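Student: Sequence:
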Amino acid sequence: YDLAQKFSNFYNACPVLDAEASARARRMLLCDLTAKTIRHGLSELLGIEVVEQM
3 YDLAQKFSNF YNACPVLDAE ASARARRMLL CDLTAKTIRH GLSELLGIEV VEQM
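Residue numbers for the sequence shown follow the working numbering, beginning at 3 and rising by one.
Rather than coming from a laboratory, the hints here were simulated on the basis of the structure. Computed from a prediction, not measured in an experiment: that's the story for all the values here. Just so it is clear, CB atoms sit at the ideal spot from N, CA and C, and this is done for glycine as well. Check before you lean on any hint, since a few could be wrong.
Said to hold, decoys possible - Here are the in silico distance ranges between beta carbons for each label pair:
hint, residue 1, residue 2, range
1, 23, 52, 26 to 34 angstroms
2, 23, 51, 19 to 27 angstroms
3, 19, 39, 19 to 27 angstroms
Please build the complete structure, drawing on both the sequences and the hints.
Tutor: So this is what it looks like as structure tokens:
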């Protein structure tokens with residue numbers, strides 16, 4: 003929950019797609035790593051099936 007909340011705050015405060023190229027690359031990496039971490043926590047640790055899209 004804390005990670006999702008912190009990521010939401012980051013995403014609302016820092017434009018990802020509209021940032022300049024170097025910042026965009028770092029922010030996209032952060033988005034990808036956050037998604038992987040949340041996905042791992044849900045599936046591997048809690049046994050919850052994770053869907054790709056809703």
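Student: Confirm or reject each hint.
Tutor: Hints versus structure:
Taken as a hint, the range 26 to 34 angstroms holds for the pair residue 23 and residue 52, whose Cβ atoms sit roughly 30 angstroms apart. Taken as a hint, the range 19 to 27 angstroms is violated for the pair residue 23 and residue 51, whose Cβ atoms sit roughly 36 angstroms apart. Here the CB-CB span from residue 19 to residue 39 is close to 21 angstroms, well matched to the stated 19 to 27 angstroms.
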